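Trainee: Spelled out, the chains give:
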Amino acid sequence: MAFVSLNNLVVEYDDFRALDGLTLEVEDGAIGLLGPNGAGKSTLLKTLLGFLRPRSGTASVMGYRLPEQALEVRRRMGYMPEREVSSPRVSAVSFLAYCGRMFGMTRADALERAHEVLNYVGLGEARYRPMQEYSTGMLQRVKLAQALIHDPKLLFLDEPTNGLDPDGRLEMLALIRDIVDRRHVTVLLSSHLLPDVQQVCRYVIMLNRGRVIRHGPLETLIRPLDHHYEVGARPGEESALETALSRAGWLFHRQVGNGRFQVTLPENADCADLFRLARDAGIQIRHCVPLKTTLESVFIDSLDEHSPEAAHARV
Amino acid sequence: MPVYEQTYRSFEGGPALRWRWRFVAAQELRVLAVSRVFKFLVFLGGLHYLFRVMQIVAFDIVAQDPNNPLAPLLQRADIFYISGQTFYDFISYQLTLMFVTLLYAGSGMICNDVRNNLPEVYFSKPLRWYDYLTGKLLALFVVGFFLTAGMALLLLLQHALMSPSWEVAIDCLRWSIGALGYSAAAVLPSALFILLCSCLVNGQNYAAITVIMTIIANTALAAMFAETLRYQNWYVFSVPVAVGHVGEKLFQLARPQIALTIPWTYSLLYVAGFSLVCLVFLVIRVRKMEVAS
Amino acid sequence: MTVDVVRQPVIEARDLSKWFGEVVALNNVTLSIAPGVTGVLGPNGAGKSTFIKLALGLYAPSRGEIRVLGEPPRNNRRVLARIGWCPEVDHFYDHTTGFEFVYWLCRYWGMSPRSARAAALEACEMVRITDRMDDPIDEYSKGMRQRIKIAQALALSPELIFLDEPMNGLDPRGREEMYALIRSLGDRGVSVIVSSHILYEVERITDNVVLLVGGTLIAQGRVRDIRELIDRYPHTIRVVSDQPAQLAKRFAGDPGVFAVETRGDTVTIRTLTPDDCYETLNILAVKAPGWIRAIECADNNLQAVFDYLTKKTVSGV
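Taken in order, these protein sequences are the chains called A, B and C. Using my numbering, read the first sequence as starting at 34 and increasing by one per residue. Using my numbering, read the second sequence as starting at 19 and increasing by one per residue. Using my numbering, read the third sequence as starting at -9 and increasing by one per residue.
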């Protein structure tokens, strides 16, 4: 069963067409929702939560039609907003128990579940202190906890790693993967950090100007580029490598930041030739990886293809 | 990388929810109950109540008791005499405290939520705008009524039980209705207006200042009209005066302070109208908040 | 590590300490940042923002000294006029337009109306917000607000810019533009100090990093060089091979190698003698093509280096 099913959805906002005939089906798993600012991601979410009435088209989540059965959808859906959320004078436990009550849990039940979900997201003793004393990382965890407390089958995460330091980011991403794998929750992850999306999601949907411009499993979007490699040498031998590659005419691009090079090999050559070239020049290659399209390049290319200028050009 | 073995249990959904607003109200009251300022304000109200309790005891028990040496003294002292005026006075003095407490409790109720991006969280749950609004209003009503009608009714009950004659008990019943009416006329517009300012102004302190300034302006304007046009009835334009007028008439005071010649029903309608207008604007804003979240 | 010793470092700190009551935000930090693009990294609470504020003259050092462009920055208008700062927080006069915001800041800093106008226009050009610069800021999306902040940092044509989480809120295309902008600034001779938590982005902008943990300087320099110096952690080399079992057997006997793992077509080798390992791999690649399809050092990136260094501090090893 499709978790989310939209058919030709048109949603307008003060005369502005935020969603313009959006059609998509979301199966289970981890799905990345990408799009430039203003593409309609938040409008889509508001429609899924039942706040906006579509002008035309249909939308349904887990079989419940929107906006008529919005309350049913909200009961089964969790939302982690992008902006920072805090309830300064209450503790995390109290806040989560309150959220739990809104779902119809008894007070005792809500309290217990609050503790469970706080354990799950990794908030320790701090849960008894008022939220105004929390750091950004802790507030992010509470945000995730409030989205999970009612055991939703569908989760919408908007920039979940916002403001987290590198360790916190990795923990959050691991947590999201755990939610997908072990709890079998369908997760819609909206983020501008495409490598994060690549790490966590298996399917990607790209929006622009209220329409789906590209969608598909990550493996089909991210393909290896034949005869393109990223090479790096032993520290100290980078310039020698650069010279050797330029002389062979294989050098394509010198990367900033890690002293590696992108090379394009001719049709008949392969990896071994690269190593031979290096060996002859007395260079030790320490990095040799076939290049793949990145999600970023796919994203930007899709945007360009579907831009109005391109449409003009086609016409 | 930590792998979380502990996980949260599944939830199949609670019973279909009715009256979700009670959670909102309960949470607001819970948060208030922890605040020291709030506790202090309620304590002040309690002090006033205690004083009245002693007054009733002094009048009903001590003054009637022929064996008590203090009795003649108390019988003659005017301040201990209990009548409708006493209960009217009690509520009138409590009103200021009640208003300050409501201001403290209510001026941040909505704008603090908005500042902390809580509407996004609340409305993504099965909570509608009317649950949210009703819950917040209910919390304010509970606080407001407790400090005024609640305490007044307790005093009336005490007086009815302690006093020897039946007529007093009947009077108390009559005054109870007056107490409820007077409190309602005071609490409803206060709570609605404070909550409305909390919704319109984006800072707790600014909202409180807005409320106070509006009341000052309102009363000043009424005074200005009344004095320049030399028509006392213009004073009813000031909401506090209108509320006082209603209270006086409900308690059928022998010597009313507020010298208005218009019938008290007009004042009541004015107060009710004001409350309704506040409610309408509140509804509009909170509905917009639900969508914008 | 090649450092142009003739050019003066843009920031120099010597025994720099800053404390607030009992909390020591920076503890005896001595470092020197060369011109160019540098990343300042560290977990939350490590003292990064304190360090930047000290460099901007917003705080005075509790002990030690700090020099920016050669002079102490506190209350020093000469130096401050040559520095730009894009803070992380988002506070604006909401009703002004983007252009007005930058323009009035320029005027506030002493430029004449004409030069302020030109500077503001150029800054908006550089961050590509010209088409929306006459709209009020409260109508901007998060990404646009970010760009206006950076425009204001650039408006005075500073020699040194501090960017605190510059990519916050930008969509992928905006991020690409920002990387290009930062690199172009570096190419033009402007020194840029970027503070960010998103390590793979810092890697795309620059090689040079400064790592602060718990108020102390843990590492400074190029990521690869830092990695070389952390010898307590064995190198993890991942090899994609057509013959994973054979390859694994070949390395299993090696003295420096202490772990070999095979999963599918990937062989992961953990070795304390990376040089020998790579040598062997290079020879094999030529002699037995097909055995080596790809070689990758799994922990030669900023994230891994960061992990090793921060965990080392935390565990006290």
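Think of the hints as simulated: they come from the structure by calculation, not from any bench. Possibly wrong hints are sitting among the right ones.
Some chain C residues close to chain A (C-beta under 10 Å, calculated; not the full set) [unchecked claim]: (1) Asn17; (2) Leu46; (3) Ala50; (4) Lys132; (5) Ile188; (6) Glu193; (7) Val213; (8) Gln233; (9) Gly243; (10) Leu271; (11) Cys287; (12) Asp289; (13) Asn290; (14) Asp297; (15) Tyr298.
Please read all numbers here as calculations on a predicted model, not as lab measurements. We put the beta carbon where it would ideally sit given N, CA and C, even for glycine.
Trainee: Next step is simple, just say for each hint if it's right about the structure.
Mentor: Hints and how they fare:
no.	hint	verdict
1	Asn17	violated (19 Å)
2	Leu46	violated (21 Å)
3	Ala50	violated (26 Å)
4	Lys132	holds (7 Å)
5	Ile188	holds (7 Å)
6	Glu193	holds (5 Å)
7	Val213	holds (7 Å)
8	Gln233	violated (14 Å)
9	Gly243	violated (21 Å)
10	Leu271	holds (8 Å)
11	Cys287	holds (6 Å)
12	Asp289	violated (12 Å)
13	Asn290	holds (8 Å)
14	Asp297	holds (8 Å)
15	Tyr298	violated (12 Å)
Hint violations for this structure: numbers 1, 2, 3, 8, 9, 12 and 15, all remaining hints satisfied.
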